[in-house]
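Undergrad: Protein chains in written order, with full-length UniProt numbering: chain A, 1 to 111; chain B, 1 to 240; chain C, 1 to 518; chain D, 1 to 488; chain E, 1 to 77.
Worth flagging that the hints you see were computed from the coordinates, not collected in a lab. Incorrect hints may appear among the rest.
[Claimed, not checked] Not the full set, but computed from the structure, chain A residues with beta-carbon under 8 Å of chain B:
#1 Tyr-17
#2 Asn-24
#3 Ile-68
C-beta atoms are modelled at their ideal positions from N, C-alpha and C, and glycine is treated no differently.
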Amino acid sequence: MVIPYVVVIILFSLGIYTVISKKNLIKMVIGFTIVESSLILLLILIGYKPSGTAPILDRQYEIVVDPIPQALALTTIIIGGSVTAVMLALVIKIYKRYGTLNVDELRKLRG
Amino acid sequence: MSKINERLKKLHTIALVVALAVFLLVVVYEIHNLDNNSKRYLSEHYISEGVRETGAINLVTSVLYDYRAFDTLGEATVILTAAAILSLLVPVSKATMLGTKFSIIVYQTTKFSIPFLAVLGVHLIFFGHLSPGGGFVGGVVLSIIPILLTITYGVEFSESKLKPAKKKLVEDIGAIGFILLGLLGVVTGSNFLANGQANFGPGNTGELISAGLIPYLNVMIGIKVGAGLAIIFNSLIKEK
Amino acid sequence: MITPGLLYLSGALLLFLPITNRIKYIMSFLITAGALIVTFYLIPGYSLELDFLKYTLVPFKVDNISKLTGLIFAVGGMAAVIYSINLCSLSNLRLIFVFIGSALTVVFAGDLFTLYVFWELMTISSSFIIIMASDVTKKTGYFYFLVQLVGGLSLLWGIFLQYSATGNLSLHAIEAGLPFFMIAIAIKLAFVGFHTWLPLVYSKAPFYVAVVLSIYTTKVGVYVMFRLLSGINILAYAGLISALFGVVMALRQKQVLRLLSYSIIIQVGYMIMGISIGTEEGTTGAIFHLVNHILYKTVLFMAVGVVIYTTGKDSFENLGVMGRKLPLTSIATLVAFLGIAGVPFFNGYMSKTIIKDALHEPLLKWGLDLMSFGTSLIFLKFIYYAFFKKSTINIDKKPAISMQFGLGFLTVFMIVIGINPFLLENLTTINLGINYFDKKHLLSGIQPFLWSIAAFILLKKYVVKNYQRLLYYDGYRKMAKLFVATGYKLSNYHDGKLNRYLVWATSTLIVLLLLLMF
Amino acid sequence: MEAAVWVIILPLLTAFFLGISKLYFKKILFPLVTGSAIIYLYLLISVSTNSYPPKVYSVGGWGLLGINLMVDPFAAMFLLIIAILFLPVILFSLKYIKIDKHDYFILTYLMIGGIAGMVLTADLFNLYVFLEVTSLSSCALVAIKKTDKAIEGAFKYLIMSTLGSFFILLATILTYHLAGTLNMAEIALEFKELPFKLKSILMALFVFGYALKIGLIPLHAWLPDAYEDSPIPYNVLSSGLVMKAAVYALIRVLYIIFGIDFLSESGMLAIGVFWGVITFIIAHLLAFQQTNLNRLLAYSSIAQIAYITIGLFVGTDGGLIGGSFHILNHAIMKGTLFLVIGIFYYSLSAINIKDIKGLGYQFPIISFTFVVASLSIVGLPPFNGFITKWLIIEAALEAGFGYAAFFILVGTFLSLTYYLKVIVTLYTKTEKKIVIKDPGLSLRLPTIFLGSLCIVFGIVPSLPLSLINKIPQFLLDHSEYIRILLGG
Amino acid sequence: MINLIFNLLMIFLVITAFFMVFTKDISNSVIALPVFGVILVVIFVILQAPDAAMAEAIIAAGLTTVFFVITINKTEY
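Chain A with its partners taken away, still in its complex shape (with noise of 0.2 Å):
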């Protein structure tokens, strides 16, 4: 099971370069919701056991995964909804005061 965790590497690093080197807003914050993912998978990744199962305990099982990281990846889905939402609400605001969506004009502030 190496595979999956060389996928959550590449999206991670995928993301990152999104984020640090696209000019668009929009393109950066799909960015961020694709590390965001990527975070996800992996949680869910580390949970994982070879064979087991969900962790409904309707029954008594040999093996079930770990629901720890479930739960830890609920919460961050839910985390990285909102900040996606507010970033969003964000490039609006900001696309209707510059008229632009290239990060290189918010030059306001500098120096």
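Add chains B, C, D and E to chain A, keeping to what the hints say.
TA: Just chains B, C, D and E, lined up with the frame of chain A:
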């Protein structure tokens, strides 16, 4: 000259990201080399004792609303914060939307699906401790109702049916209710947000009224999250 | 026992009360007089201990030398406050009180921590005196504060080195961090190369501020040097060089206050020489010279202040109002002149004699004579403009009574010390065994003065000339420019582009990872 | 020890009730806000005075299975800072904030709740959640004026801070994967056997994430932007509490989870000290260039926090005491400075250095407070900044970081250059007739209160030091902390 | 069998992510967002995480996409 500069910058960025990826690969490689199967006694405890201790079959719910309920309070606060920010950025009075006329099928489907959504959401909330779902997911499903209303009928209609102030009130009541339910633990002589430890009568495992306070906490979080996301959506769409 | 410094500091606090002018006068007089009396009755050997942080501090410790220095500081404080009370605003008076109080506390400090704290407090209060004094002194105050802070910080660094080497903060000769102590004291003493603040401040600031500052700033430096750095023989040459530089510079000035400030550099040269000999005779001579110097230099500053007050300018021509029009000022000026020139039976003579006796190297002896000669020459120029050159300038207003009073008060002291030089010895219970009025000492004392009169008559044309061009080169200005330019360049990198910031951040992460991995 | 959990939920509850009052009873804002702030003050003081020996509060009563709150002297010191700053700032804002008053207070209370959570929690993921609460509400407060600059600053802040959060989250997840638990004490025990390389990378991720929120150079670029056009009472809390909370969390994570031995072995201590030195030198140079007072103070905050970083990374008793004390002192000093600027802004909307010309004569007492606070922040005796600077320098010298100690003195000189510039401008007389809106007592009193603390803590440092002296005992040797947290 | 599907899904995930990042038109990348989310949901289900899958489906794939669409709607006019 500037072109070369651009290239160099791009190269720099890519090099940085590749270096980051390499470091993370090293981490994964190192972790892979470790034998860390024995270190999950916390989750093993949850799995073996969790149902007995909390009364909830869905262990994720029992972690979210009992063992680590404090986290849930925190993330509920995050949603509330986001909702507060969005309603701050968009003043209440401006309620116009870029209108698009849909065909009659859309309106009918919306009308038709709203009861289903409501039932689904309530089911997810109330059976959160028994099956997948729970306050968060159910709340989000509930929040889709006003969103659908807004999309098909426009903001004015949606907000005349569900006033923003009401939603805000519901959200705050949800948050306060969560804390008050948590304080019940203190009242009964245990700790804050105590549930399994405070003996609220876990009931018969697998029944609807069981697992102590977890269903009620689920309800609180459900209405809170639902109202919060609806506020977030409406604020975003009202933004001129 | 209450410390006189504390008295002044609490006086500054008392002045915050809403008070009328009359109560202000009475209160200031009471405080200054009280401080003088308290200082007079201090018992040498007394010390007070105080626990602070994890150290045991000695904020108050009395011995003979510190008592004498404190006494002259209290006298100077009284005279200065009386002199300037009419002129300065209430807020400035408060600052002056803080300044005098912290100077007095430095004198009685028994450990390096207290010394540093009040040394820095002196810097702060004096800087604010200058900044608040008038609108033209803002930049001067800025510069002064920065320079003094450099001194204070190098003192602090020296203290840290000393503390980590010896493990305690007690006040005795320095073992580690000597260069930093030297820089600190050199800045306070306005040593050549570090002197630029002194003429600038004393000539730009209002004259009553210059009076107060001239009493304490450099003298505290001398006192601390006596405590920490006495007996480093090589410094005697440094003092000589500094003094000769002062002579040359003083001759080229066209402002009287500037002349007086360079003359401070010369006088401090004497004290440096005395202290760096290190023998009891030398250090005592230096401290006695400090006493005398405070007396006559303050009188000179006050006299020039009276001239500025009455005529509004401090060019040499304006000195011509002395003589009949300002009788008391003129007498005081003459006494001070004779004192500073080292004429027997005036106060400067005795301390110069002691220092001269303590010197053994012929080069230094010769240099000392040269310094005396230069001093007399400079002040002959002063006297020439004041009394001999015809002048047509009239006084606008009469000097205030309080100014005259402060001036007279110090003049009396000068005359008393001049006639009975053993007074100081008795006060400190030090017996140097020097007979001041035997033929040998008298001759060697009067000689430079006579030579200087001869030289003045011969070279009058050059000496009294009003030099217009000033030798002015400030290396600090270049450093400041470099500092500003670097900052400007750095702030240009903050051009508001978010991508750039993010790339910085990621690069930092990679660097951090690399550093921690390998 | 119910009080410990109340410290977190009281501000949250207040925020929720404020949300309701915004909709239906707007009148009760004042009693609600002040009443809650006063009760909160009492709570904070009672918790922080009961902090020795440290106490554990288990949320939900699950012990090691759930989330634990821990009140040790370091946390108590931080709560003390909240106690000192919070009530004055709230009183100040009640008059200062004019539009979006309710939202401002809701977000402020949420932020304080988040900070209190960060301070008290002993659980790694909980720390992340509260960190997110704090940075999100803090970012909202930046944007509250809704001007171009405010929105832009908030966006930059949010982007940078989210980037940091993701790295912290990544490190947290990996930590859980390696240790199988999220309780700091248990993690610390598990981490003792981990390979060196793995630990180093994890630590780098943590350090990077938190350093982004602290604003160490070159991760600082968002910080002055976030300060420039935000409400000034918020700036007090931001520089006094939000940035410090990140420092606090970093120190908690490093000292408890990784332990001092690993820190010195891996060279993190040396890196931290070096980083601090670079940071404050550059920040001072940049601060001199600023014309906007908010930006100037922001750069100064970066520099001061670098001093704190040096103190805390020196890794000795003295360093920890000095660094922690400087957290307290800097909060007080910078709070005073910002509140004074706030009064100037309130009275004549002066925010650039040239606008405040001559105000020293219009507001004598306020300006005097400004002078005191700025001299204190420069580090001159007899004010409190000097005491901590002395402690930090001494600790750095003792631990062999002589260059850091020396450069702190250089930094003192550099910081005087720009503060003195401001002071001199303040006292320069001007011809221009100034129209002034009277700030009134409710703006003056908090300012003067904080300013007087500068002098009090300078002359009697033993007041807070009696608490702060106990900090190293539980940080430097984490076994004691672990023992108490594990309930042994 | 399930392994093969899982690995294929992983590859699809990466491809979608790359498409999202490198496509020129922003609407395209926003349209790819729910696809990305749905693939993640399936992966979560395979990894036995129904709760997380549901939350991801509704929030990440649903609501967040709606937010993005609104944003594009508001900004491109």
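Undergrad: Look at each hint and say if it fits the structure.
TA: Now the hints, each set against the structure:
1. Using the Cβ-Cβ criterion of 8 Å, the hint placing A:Tyr-17 at the interface with chain B is satisfied: the shortest such distance is roughly 4 Å.
2. With 8 Å as the threshold, the beta carbon of A:Asn-24 stays out of range of chain B, its nearest partner Cβ sitting at about 15 Å, so the hint is violated.
3. Annotation: A:Ile-68 was flagged as interfacial toward chain B, and the flag holds, the nearest CB pair being 5 Å apart, inside 8 Å.
When held up to the earlier numbered hints, the structure conflicts with hint 2 and nothing else.
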